[in-house]
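Visitor: In order, the protein sequence lines correspond to chains X and Y. Residue numbers for the first sequence, in my numbering: 643 to 835. Residue numbers for the second sequence, in my numbering: 643 to 835.
Don't take every hint at face value.
[Unchecked claim] Coverage of chain X stretches by chain Y, computed from C-beta distances (three or more under 8 angstroms per stretch; other residues unrestricted):
| id | region |
| --- | --- |
| 1 | 664-674 |
| 2 | 775-788 |
| 3 | 793-799 |
| 4 | 814-820 |
These are calculated hints, taken from the structure and not from any lab test. Every residue, glycine too, gets a C-beta built ideally from N, C-alpha and C.
As a plain string of letters, each chain reads:
2 protein chains.
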Amino acid sequence: MVTEVSKAPDSRQRFIDVAVRLFTQHSFAGTSLQMIADEVGVTKAAVYHHFRTREDLLNAVLAPLLERIRTIVEEAEAQRSVSARAEYMLSGYVDLAVRNRDLMSVLAADTGVIDMLRSQHDLGELVDRQVKLLADVSPGPAGIISAAVVLSGIVGAAGKLLVVIDEEDLKEHLVQTGRRALGLRAPRAPKSA
Amino acid sequence: MVTEVSKAPDSRQRFIDVAVRLFTQHSFAGTSLQMIADEVGVTKAAVYHHFRTREDLLNAVLAPLLERIRTIVEEAEAQRSVSARAEYMLSGYVDLAVRNRDLMSVLAADTGVIDMLRSQHDLGELVDRQVKLLADVSPGPAGIISAAVVLSGIVGAAGKLLVVIDEEDLKEHLVQTGRRALGLRAPRAPKSA
């Protein structure tokens, strides 16, 4: 038992990694704890040792990503102008979407996941703040609709890799597309790394 | 038996309507023929009378939509300039996305559905043609990435209604966002209906 507990972090992470793959392949609703156990090569009881429900596992999968989104939103809100706030939100979101392609598609596309998240987290409020940061560039429904296109479109485009392209170039093109869609000017004197 | 067959078209459509609702609620992978039977209030055998597999039912659900997309792509390809082709594709796609919000989210967001469609239809080729019609506005990866953002973003934004807005206004804002994202000028002398 002591050995089992000391091994826990690794096997926990192993379940999370397999869950990400199965969720993206079969959707959240289409993936059972049994499938995850089969894929890892353990019994269902071994999965239950770490996660009581499929929802627990999904929470463990998505928690770091949601935390990162929250940080970006908060840092964006601390910027001094409407355009600086939108620019910060846009580039942070692009970075996150490109780095976490598979996870972001699970988060954004799967209605089962979204329903679960909305009921357990304050995701609705977080999404509203993301939308507002981008929408404020243009008044009225036009701004909100552009923001929604940009947020959905970036995740969708990053998820389905349509071209063989360097990750940094992909980010740059996504940010530029987002700026154009929002009617946001490129910030002056951008620092290149 | 004769009576049953003569009633077929109606009950067939009833199954399709329920399937659309359950697919959008629970994803394709998360919806069984048994769930559809339960929701309609019939036995599973009654569903089997019309659809042998869940895939058959999904095909029946999506066939009219795919046919419409194919028509838009073909008509867009027949336009005379790069910008006219992109404009036709963009406005046709926006119209389709707004009219078929639920179905389009099933089609676009559910990886299980996409895998199934890719194996049974020539959807990959159709998507490539859609992307090309929009991507040709800008050279290289920039054009392809903008096209991907626009196609994903329109479906995503139309699917999650973020504002109370008239359907025609929503379409207009989506088209304008798409034009900006693609770097496409509004066509001259637009006819208003």
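Visitor: Under 8 angstroms between beta-carbons, do enough residues of the region 775-788 of chain X, three at least, approach chain Y for the coverage claim to hold?
Guide: n = 5 at 8 angstroms, threshold three: holds.
Visitor: Closer than 8 angstroms, Cβ to Cβ, for at least three residues: run that test on the region 793-799 of chain X against chain Y and report holds or violated.
Guide: holds (count 7)
Visitor: Residue count check for the region 664-674 of chain X against chain Y: does it reach three with CB-CB under 8 angstroms?
Guide: holds (count 8)
Visitor: Within the region 814-820 of chain X, is the number of residues with a Cβ closer than 8 angstroms to a Cβ of chain Y three or more?
Guide: Check passed, 5 qualifying residues.
Every hint from the earlier list agrees with this structure, and none is contradicted.
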